[in-house]
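> Each chain, written out:
There are 2 protein chains.
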Amino acid sequence: EITELCASYFQKGKLTGKHVVITAGPTQEAIDPVRYISNHSSGKMGYAIAQAAIDQGAKVTLISGPTNLPVPERVERINVKSAEQMLEASLQLISSTDIFIASAAVADYRPSEIAEHKIKKVDGEDQMIIKLVKNPDIVATVAQHPERPFTVGFAAETRDVANYANAKLTRKQLDMIVANDVSNTQIGFNSDDNAATVFWPNGSQDLPLMSKAQMAQDILLCVHTRWVEKESAGISATK
Amino acid sequence: EITELCASYFQKGKLTGKHVVITAGPTQEAIDPVRYISNHSSGKMGYAIAQAAIDQGAKVTLISGPTNLPVPERVERINVKSAEQMLEASLQLISSTDIFIASAAVADYRPSEIAEHKIKKVDGEDQMIIKLVKNPDIVATVAQHPERPFTVGFAAETRDVANYANAKLTRKQLDMIVANDVSNTQIGFNSDDNAATVFWPNGSQDLPLMSKAQMAQDILLCVHTRWVEKESAGISATK
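Going line by line, the protein sequences match chains A and B. Under the working numbering, think of the first position of the first sequence as 721, with each following residue one higher. Under the working numbering, think of the first position of the second sequence as 721, with each following residue one higher.
Hints may contain errors.
No copy is singled out in the list; a pair is fine if it fits within one copy or between any two copies.
BS3-like, lysine-lysine: derived pairs with alpha carbons at most 27 Å apart [what the hints assert, rightly or not]: (1) K851 x K801; (2) K854 x K840; (3) K838 x K888; (4) K801 x K838; (5) K950 x K892; (6) K892 x K779; (7) K892 x K851; (8) K840 x K892; (9) K888 x K950; (10) K892 x K801; (11) K840 x K888; (12) K950 x K779; (13) K851 x K838; (14) K892 x K838; (15) K840 x K851; (16) K838 x K854; (17) K892 x K854; (18) K779 x K734.
Bear in mind the hints are in silico, worked out from the structure with no lab data behind them.
Please work from the sequences and hints to get the whole structure.
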């Protein structure tokens with residue numbers, strides 16, 4: 721009887737038996753033992769998607785930068801700090817990943833070297849230079865991998881949202897990109913609400929202002945629909 | 721009877737009637753609307769000192785950078801992000817401040833300009849430079865102000881702790897400095913424990929490994945002792 725209950729529970733999910741891997745939160749890129757470069761991502765959107773994927777019966781792994789959010793029940797969380805650590809964790813899981821959702825706000829650049837000791841302020845030196853080098857592009861690396869899962873990116877922009885998002889979709893060879901305008905302080909990084917537009921190679925869908933929990937469900941519905949279309953078109957994006 | 725109880729409660733505090741202003745936490749220095757430079761300060765030490773000062777009957781104002789800590793009861797918290805905001809808040813209170821304790825981990829440098837829009841990653845550009853300028857030195861500015869309170873600084877070092885701390889004490893004209901070695905990961909920024917050495921112009925005292933709550937009490941005892949000595953020596957450091 722318990723077996724039946726369990727089976728009926730898991731059968732109702734659209735993502736039953738699938739492994740969804742989600743990156744979330746900011747990354748922290750060390751300058752020295754005490755200083756770092758980071759960004760204002762709260763991680764709320766990624767954690768909401770993790771919850772929504774669990775609700776659809778998926779096995780969920782959350783690769784998370786530093787946040788203060790509780791781990792949703794039944795979600796496995798892997799804690800990372802830097803973009804390089806996040807990429808490494810993503811690649812370690814790639815052969816078992818069906819859907820990869822890159823919601824983390826990954827630092828584009830990191831300091832070219834990490835000072836071993838705290839960098840001292842020098843008297844008379846009123847300026848300081850930090851040299852940065854480009855970080856690996858996690859979502860593009862996953863999307864262009866021989867074992868690529870269905871790959872979803874995010875674009876946080878402050879202007880020209882549709883143009884930048886479509887350019888990223890093509891250039892990084894993503895299956896889908898979720899774009900929002902972070903110049904609107906009512907939504908985005910630290911808010912519980914969000915508004916976004918989802919783009920895929922031949923279409924788009926507006927997701928008007930709603931809770932991040934609701935948006936997570938709508939994004940997963942988009943993902944599922946596109947994934948089924950892509951598979952039935954004979955272009956298998958998943959393993 | 722209630723009046724008596726209140727009076728007896730407040731009379732027992734060494735800092736009754738005094739206004740203690742404490743800076744705490746990290747500062748965040750914006751690079752653009754989403755990115756910033758910060759550091760690993762949790763704010764725990766400063767918040768513990770605020771609690772200890774309340775327990776000694778003081779009026780306490782906490783000027784705090786971004787932390788996830790609750791405000792101790794009866795403490796007024798002023799929220800700031802950047803070093804410049806922290807300095808401004810400190811100077812606005814200076815004429816009513818008896819004791820100023822600068823426990824915040826203030827960024828020494830900030831980006832020389834804040835980009836209005838999110839800085840885009842440029843294809844083909846593998847490097848990026850961030851130009852930084854020196855931030856105002858909050859504790860030195862307060863210590864050298866005509867209306868200076870009794871001024872206590874902190875020094876988080878990764879080597880040569882005593883030398884760097886004594887040099888800062890003299891150069892910034894502080895009354896006292898609390899120095900700890902943040903290269904020891906068992907103590908310091910994210911720990912609930914701490915070990916430190918307190919230096920003043922003619923002496924020092926080791927504070928061995930203990931809880932930050934206990935250390936806050938010991939630091940305030942040091943402050944009070946030094947303050948009484950300084951006043952009785954006829955060098956009034958307070959208003």
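> All hints, please: hold or fail.
Against the structure, the hints:
no.	hint	in the structure
1	K851 x K801	both (20 Å within a copy, 24 Å between copies)
2	K854 x K840	both (25 Å within a copy, 12 Å between copies)
3	K838 x K888	between (37 Å within a copy, 15 Å between copies)
4	K801 x K838	both (19 Å within a copy, 21 Å between copies)
5	K950 x K892	within (18 Å within a copy, 66 Å between copies)
6	K892 x K779	within (26 Å within a copy, 57 Å between copies)
7	K892 x K851	within (26 Å within a copy, 30 Å between copies)
8	K840 x K892	between (40 Å within a copy, 15 Å between copies)
9	K888 x K950	within (19 Å within a copy, 64 Å between copies)
10	K892 x K801	within (23 Å within a copy, 35 Å between copies)
11	K840 x K888	between (39 Å within a copy, 12 Å between copies)
12	K950 x K779	within (21 Å within a copy, 65 Å between copies)
13	K851 x K838	both (16 Å within a copy, 18 Å between copies)
14	K892 x K838	between (37 Å within a copy, 20 Å between copies)
15	K840 x K851	both (16 Å within a copy, 16 Å between copies)
16	K838 x K854	both (23 Å within a copy, 16 Å between copies)
17	K892 x K854	within (16 Å within a copy, 38 Å between copies)
18	K779 x K734	within (12 Å within a copy, 58 Å between copies)
Hint compliance for this structure: no hint is broken.
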